[in-house]
Structures are given as structure tokens and as C-alpha cells.
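Participant: Chain by chain, the residues run as shown.
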Amino acid sequence: MDVSQYLEIFLDESREHLQNLNTEILNLEQDAENQDTINEIFRAAHSLKGMAGTMGYKRMQNLTHDMENVFSEVRNGTIKVQPNMIDILFQCLDALEEYTSNIQETSDEGTNDNTSLIKLLNDLLKPENTAADAAAKTAGSNAAKTPESSKTGENEEVQTEDDGDIPSWKDIKLDSSENNVFREARKQGKNVFGITVKVQDTCILKAARAFLVFKTVEELGEILVSAPSAQDIEDEKFDLYFSIMIITEHNLDSVIAAIKNVSEIESADGGAVDLKETAAETEAKQEHSKSVKDKNSDSGQASTAVASKESAASTDQNAAKQQNEKKQVVSKPIVNRTVRVDIEKLDVLMNLVSELIIAKNSLVAASTQEGDRNAAFNEQIEYLESVTTNLHESVMKVRMVPIESVMTKFPRMIRDLSKKLNKKMELYMTGEETELDRTVVDEIGDPLMHLLRNAADHGLESSQLRKERGKPEEGSIFLDAYQDGNNVVIEVRDDGNGIDVEAVKAKAIERGTISLEQAENMSEKEIIQLLFLPSFSTAKLVTDVSGRGVGLDVVRSKIEALSGEVEVKSKLGEGSTWIIRLPLTLAIIQTLMVVIGDEKYAISLGSITTIEDIAPSEIKFVQSKEVIHIRGNVIPLIRLNKVLDIKSGKGPDENLIVAIVKKGDKYAGLVVDDLLGQQEIVIKSLGRFINKSKIISGATILGDGEVALILDANALI
Amino acid sequence: MGEVKTIGETVQYVVIQIGNEQYGIDIKYVDNIVRIQHATRVPKVASYIKGVINLRGEVIPIMSVRVKMQLPEIEDTKSTRIIIVKLDQLGTIGLIVDEVKEVLTMSVDNVDKVSYDKEEKSHFLMGIAKFENRLISLLDLNAVVSEVS
Numbered sequence: 003m004d005v006s007q008y009l010e011i012f013l014d015e016s017r018e019h020l021q022n023l024n025t026e027i028l029n030l031e032q033d034a035e036n037q038d039t040i041n042e043i044f045r046a047a048h049s050l051k052g053m054a055g056t057m058g059y060k061r062m063q064n065l066t067h068d069m070e071n072v073f074s075e076v077r078n079g080t081i082k083v084q085p086n087m088i089d090i091l092f093q094c095l096d097a098l099e100e101y102t103s104n105i106q107e108t109s110d111e112g113t114n115d116n117t118s119l120i121k122l123l124n125d126l127l128k129p130e131n132t133a134a135d136a137a138a139k140t141a142g143s144n145a146a147k148t149p150e151s152s153k154t155g156e157n158e159e160v161q162t163e164d165d166g167d168i169p170s171w172k173d174i175k176l177d178s179s180e181n182n183v184f185r186e187a188r189k190q191g192k193n194v195f196g197i198t199v200k201v202q203d204t205c206i207l208k209a210a211r212a213f214l215v216f217k218t219v220e221e222l223g224e225i226l227v228s229a230p231s232a233q234d235i236e237d238e239k240f241d242l243y244f245s246i247m248i249i250t251e252h253n254l255d256s257v258i259a260a261i262k263n264v265s266e267i268e269s270a271d272g273g274a275v276d277l278k279e280t281a282a283e284t285e286a287k288q289e290h291s292k293s294v295k296d297k298n299s300d301s302g303q304a305s306t307a308v309a310s311k312e313s314a315a316s317t318d319q320n321a322a323k324q325q326n327e328k329k330q331v332v333s334k335p336i337v338n339r340t341v342r343v344d345i346e347k348l349d350v351l352m353n354l355v356s357e358l359i360i361a362k363n364s365l366v367a368a369s370t371q372e373g374d375r376n377a378a379f380n381e382q383i384e385y386l387e388s389v390t391t392n393l394h395e396s397v398m399k400v401r402m403v404p405i406e407s408v409m410t411k412f413p414r415m416i417r418d419l420s421k422k423l424n425k426k427m428e429l430y431m432t433g434e435e436t437e438l439d440r441t442v443v444d445e446i447g448d449p450l451m452h453l454l455r456n457a458a459d460h461g462l463e464s465s466q467l468r469k470e471r472g473k474p475e476e477g478s479i480f481l482d483a484y485q486d487g488n489n490v491v492i493e494v495r496d497d498g499n500g501i502d503v504e505a506v507k508a509k510a511i512e513r514g515t516i517s518l519e520q521a522e523n524m525s526e527k528e529i530i531q532l533l534f535l536p537s538f539s540t541a542k543l544v545t546d547v548s549g550r551g552v553g554l555d556v557v558r559s560k561i562e563a564l565s566g567e568v569e570v571k572s573k574l575g576e577g578s579t580w581i582i583r584l585p586l587t588l589a590i591i592q593t594l595m596v597v598i599g600d601e602k603y604a605i606s607l608g609s610i611t612t613i614e615d616i617a618p619s620e621i622k623f624v625q626s627k628e629v630i631h632i633r634g635n636v637i638p639l640i641r642l643n644k645v646l647d648i649k650s651g652k653g654p655d656e657n658l659i660v661a662i663v664k665k666g667d668k669y670a671g672l673v674v675d676d677l678l679g680q681q682e683i684v685i686k687s688l689g690r691f692i693n694k695s696k697i698i699s700g701a702t703i704l705g706d707g708e709v710a711l712i713l714d715a716n717a718l719i
Numbered sequence: 164m165g166e167v168k169t170i171g172e173t174v175q176y177v178v179i180q181i182g183n184e185q186y187g188i189d190i191k192y193v194d195n196i197v198r199i200q201h202a203t204r205v206p207k208v209a210s211y212i213k214g215v216i217n218l219r220g221e222v223i224p225i226m227s228v229r230v231k232m233q234l235p236e237i238e239d240t241k242s243t244r245i246i247i248v249k250l251d252q253l254g255t256i257g258l259i260v261d262e263v264k265e266v267l268t269m270s271v272d273n274v275d276k277v278s279y280d281k282e283e284k285s286h287f288l289m290g291i292a293k294f295e296n297r298l299i300s301l302l303d304l305n306a307v308v309s310e311v312s
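Sequence order for the protein chains is A and B.
Note that our numbering has the first sequence beginning at 3, numbered continuously upward.
Note that our numbering has the second sequence beginning at 164, numbered continuously upward.
If we strip away everything but chain A, and leave its shape as in the complex, we get (with noise of 0.2 Å):
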């Protein structure tokens, strides 16, 4: 069977696959007990092994079976989750992601029989088979009642491990938001009650039966959480159980009295919430409340607003509620309806896009050369620009994909170098809901994975040295990803040692990158800067995790190629910072259009922070260079003509018209001879035949269909 046709939807799945099971493993290796994650992990693999098995990858089908029959053990309990276990489990993703690399590549899986991973895994089995006999059956005997459970729903965890069978509000785990809305609930006298409803079996309608028993609750109290969700159980998604938290002014008894007066309903039983208990359980939840998150962003922002709500009873009352809201809105769609598209047609769909840009600036600038102008004409210009910059936008968000698919493979990194370097260290992400260019978040990876290894080396100390340092044990290694305006920023930041200036310093001397005069003058920032450079690396040893020198230099220009920049704070022995910023989008952007000379430039707008008038005589000279003062601030001044090698249209003794720039904390004044306005353009690249010139960050083809230059005021300063 000719399977070439599915070879690339076989990849990606396998790819999002493999990535799920790294996650979920690592989850393993936190909470060994976790039986929605030892299924999830089942599922995947499985699921990996069936596509092996079709497409006809006989390596990777093998090595997956061996997996799946390790997992499958865990599921039934005849063997528990041990740390060399998660080790090996490790190794088979590595050989199946090297599978699954052969086969994008050459679409052949290779020769790789991974016998001796075989091997291992099916050593795993043995030994514990028959000394975990005995224990397997009773163990099984409880799993195998766990499908029933996690039938009843998807979103929220129940857990079956307490109460065997019967699905009950003690399992309901409690996210840190939820308990301080109970903590507060009960600081004002009120009762905070579990209470588990179980409906008749005979009962047809149970989703309305259960609306019943909410309403009535809702007439005595407010229901903050229920399981499975409100969602799920309104669409019937629920066996005969469910279970709500509840917060109330009445007893208990009164309140199950009214659950069981609603018809068709069995039995109800309840009782007080023990806050300390679900307190400790809130770990599991994160991952809910992540894809929660991801599905909307707000809400994460309203527990918390909710959680810092401490006043009034009706206040609580109205939190508890929009918590509640919230929770229903939130957890509607499960599976959001998406259709693949190749990335070409994609990109193929903006390159449209720009033309039709190009096309409305020229009838733009048609329009304002005809002398009596029509309203009804310029109307529709309007209309039109409007349209486009809306369709840019559209197409864009359609290019804007989270930077999470990057970021997920992080922990396990870090996992993995924790071992290697023998420190104990910890990952800390937030912000995976970003969203980036497609383009840039496909290129991102390296340079981050370059600062988190850098991070995991430089940046800290040994477990030993952080002791003396009275640092906790463990490191910590932030990554933080946020929108700021037009740009988004990544911060990689660490609890370390910090850049050892004077180190750097010594190191560049001896290099004879900088001579001892030099570094005299040099501040900190400068010296910093200098571990951009190439093959410079202060670590004493080169270890196979960095310190080789390649790494810093490779970051920096690979995020100038993406127009971004990146940025170090320091402070020796705290940590450091570096930080990543990168323009949203790559193709349109606002700029400036000057006039130098006779030939027209493009200055990016979101680099320019005013525009001033400057007469000859305010210019002041510093170290013999052209300097201005504004507003406090000595600027230096960039004379453009000279730069760009273009005789100035204007006299020495006319006013300056001076574009001030800024970049990080720095500014210089670009002077140009006139101003055409503010313009959106459509960037496009100059090609690998001109790529010399550092200061033309691309060219752009304006109304009249000239090509303009960009001019790049970052490279300039």
C-alpha cells in the first residue's frame, strides 16, 4: 500500500504524540500515582503504535509495543513507576524522535533496532511480574473500575483511589484560587459543604434532574465547583454520580433534605470541606488549569482577582458566582474545531495580502495627485484601508500560532541536564499562551534552548556552593514569555551566580579582544556585550553542555535575523536576566518615510520616539562627535547622508530635522532632509546577494511601485 500520501500528517501526529508523552512523563515522575496520566500515556502510545504499525515502520511499531506493555502494567498496577523506569522511557522517546527524524528526512525509519532499550524495557517486566503478583490482582481489580470513572468526565479529574467505585466530592482536587474563596467563605461563618448526588437508575432524564438539584442548591448557597463539570453534566456527560462544592449560610442536613426532595434522585451525602487536605493536591490541577488557560486567557486572570477578594459577604458571594460562570464558559469546548493548512499556502495567502497593500497605497497616493477630489472617492479609499489592514490582521492571526509547541520541550531538557550536571534544578514557564509568528516561533527554539543550557551551566552554582551561598539547594531557571505593545518579550532568568564581570573583563584581555586600556574605560554593559561575540566563553571547562563559545553569538544573530534583540541584566551573585524581545509580526509594518538626498527611507515607526527641529546652532560637540541636548538627555547625532553616502538636499545654516531614536536605554538623532509621513508597508527582503549592508534591514515597494529601503536604526546606533 502506497502510504506516502499520509507521510506528513504521519509526523505531525507522531511529533505531537511524542511531545505529549515526554509531558505527561515527566508528570509521572512527579505523581507516579496519577492514573489519568499513566492512561494518557497508554493512549499515546498506542495510538504512536498503531500509526507505526500502518504506515509500515516495523523498528518503531516494536519499540512502541514494548512501551505500551510497560505502561500497560503500570495501568493495572503490577509494576510501580521507579526512577530508572522514567530514565529509560526517556531513552525510547529520544530513539523514537530519532525514528521519526529518519523518516521526515529520508522517509525511511533507519536501522536502529534499539535492541538493547528492547531489552530493557522487557527487564522491567520481569522481575516485578511475579514478585508483584499477588498485589497486582487487588490492584487490578481496582483499576480496572477506573474506566468508568474517567468516562464520566474528560476535563475533571476523579479519582477513584479512596472510595473504590464510587465517584465522590472528597476527589475533587481544589486549585489554589478555589481554596482561598473556601478559607474566606468560612473565615466570614459561612459553611463550606462536599455533597456527592447519586441519581436513580432508572432515572431518563438525568442531566435535568441534575439542573433540578443545582437550582435548588443555588436557592440556598453557590455552588463553586462541581465535578464533572457544569458542562459535562448538563450534556449528560456523567454515569449516575456527581458531585458538588458548595458555600452556604444553611446546615448541612437542610441542604441535603432539599437535594433529596427533588424527584428521581437516590441518595445524597455530604460533608465539610477539609480545606488543608485538598490544599495539597493543587499540583494536578495546574495542568488543568493551564489548558483552561489556553482556552481563555482571561480567566486566569479573574481567579485571581477573585482569590484577592476579601470583603464584604455579598462581594464574595458575587466572586463565587462569575467563578462559577466563568468555569462554565470556560470548560465548553473540549476539542476546538481546526483544519490543517500547509504553511505555504499560508504564506502564499500573506504575499496576496501585501500586494493588495501595495495596491491600495498606490491608489492612495493616485488619489491625493488628482487635483479636485471627489467625497464619494475618498470615502471608499477610506473604506478600503480600513478592509485591508483588517484582512493584514486577519491573515496575520492566522500566522500567530503559541509559543507553547516551543516551550514544551524545555522541562524535559532541563530534566535531562539536572542529571547530566549532577545540580538540582527546577523550570519554572509562564506566558505559553504567547503567540508569535509562525516563522519566528519555528526559529526561536534554538536560541532559547542556547540561554536555558547557558542558564543551567554558567548561570548555577553547584547544590554545594548554593548551600554555602545559603541559596536553597535547588536552582531555579525562569522562562517567561509576555506581550509588551508591538513587541513580545522572552526572559530567560536564573537564580545563579550572575555574569562575573571582572572575569569577562580578564578573559577579553587575555584574548587580546580588548586591551587593558580599553577595559579600564569600559561600564559593565559594554563588558557584557562582549560575550556576544564569537567563540568567547569564560567557563574554565568545556563540557558537552556548553562552553564550547559557540552559543551567545549564534543567539544574537539568529534573533537580529528575526529583527529582534536581546538584552542581559546581571547582578553577581543574584542571577541573570537575559531578555529576548522580538517584534510581532514580520511582514507589514508602520514607518516613518523620509527624504535624504534625493532617494526615499523607511525608518521603522516603533523605533522612533519623537521628532525634533534642531537649529545648527544647538549642536554641541562631545569627543569631537555632533551631539544635541533634549530634554536632559545628550544625544548624539547620526547624520544620514553621510552615512548613506548622499549629498544633503539642505544648506549647513538651515534647521535640522532630526529623528530620535532609542534602542534599550540608548538614542541617537537620525538627521534627514524632509519628512514624507507615516506609511504601512509591506517589508520585503533584499535578497542573499545584498546582505552586506547591515543598516537596510529589507526594501519595500511604495504607491508609484519604487522600491524604498528600510533603514535599520538599531544597526545604526
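Careful: at least some of the hints might be erroneous.
[As the list claims (entries may be wrong)] The list that follows gives simulated cross-link-like pairs (lysine-lysine, DSSO-like), each with its CA atoms no further than 27 Å apart:
#, chain 1, residue 1, chain 2, residue 2
1, B, Lys-249, A, Lys-696
2, A, Lys-560, B, Lys-207
3, A, Lys-664, B, Lys-207
Keep in mind the hints are simulated off the structure, nothing from the lab.
Because the structure is a prediction, the values reported are computed rather than measured.
Starting from the known structure of chain A, arrange chain B on it as the hints suggest.
Facilitator: Just chain B now, with coordinates in the frame of chain A:
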């Protein structure tokens, strides 16, 4: 069979004029031939790079083959053309030539891939083709566009 073979193994060359000489460019690289048009100057680049033009919405760099061959520059004439070539390494580039003469179809047997080095500009050539009674120097495009070391 012999005849089929000859037809199958032919190559086509676009013959251009630069100064007093005619050169052939393998047609498989040629994307388009356009009239000379105003180019936007790019600062800080080699003198033979004449700037960039707008070719149906794409920004294409153009270069003067004359300057690259160290021939004196001349004014553009009615017959000055830009040959747009597509190269694997450097992408699309426009070559300014004095004139485009014709397209010749010749058998591969008539192409001698000899390299000779008695002249300065020889390193831009990849061979000589005999066509009827003419000899046409075949341009090595990669050498033409590559940076002078």
C-alpha cells in the same frame, strides 16, 4: 534513434552582447528579460551592484556585468536589457547587459567545456560553444555573480 538522441540532448543559450563580445547564458537559469528601469541605489555595496528594482512586486537586486568584467561603463541605450536569472545559491538576480541577441539551440556535442586562462575575464567562462561558424563564450553565472576575492 540517433536523431532522437540529438534532439533530446540539445541545450539552449540566450546570446547577449557586452562590449564587443557575445556570450551565452544557459536558458535554464533565465527567468525573464526586461527593459532597463530605474533602480533604487543600495548604499555600502560593491560598485557593480546597481541597486534593486521592483519586478512585479518582488524586490530584485541588479548588477552590471560590464563593471564586473572591468569594462568601462556606458550610458543605457534602447537595447539595454536586464536578464533576470535564478540561481540556487543566491536567488534571483538581474544582470544588466548591452543587448540580447537571440536564443540558440545547439547540440551538446558542440559545447566544449574547456577552461582557458589566457585572458583576464576568462574566469567568468565555463566553456565555448561552436554554432555554425561562430564561437560563443559561455558565461559561468556563479562566477559572474560571486564576490571578487
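Participant: Quickly compare the C-alpha distance for A/Lys-664 and B/Lys-207 to 27 Å and report which way the hint goes.
Facilitator: holds, 23 Å
Participant: Has the given pair, A/Lys-560 with B/Lys-207, been kept, meaning a C-alpha gap of at most 27 Å?
Facilitator: Holds: A/Lys-560 and B/Lys-207 sit about 23 Å apart, inside 27 Å.
Participant: Given the proposed pairing of B/Lys-249 with A/Lys-696, does the C-alpha separation stay at or below 27 Å?
Facilitator: With Cα atoms ~24 Å apart, B/Lys-249 and A/Lys-696 stay inside 27 Å; holds.
Figure legend: structure checked against the earlier numbered hints; every hint is met.
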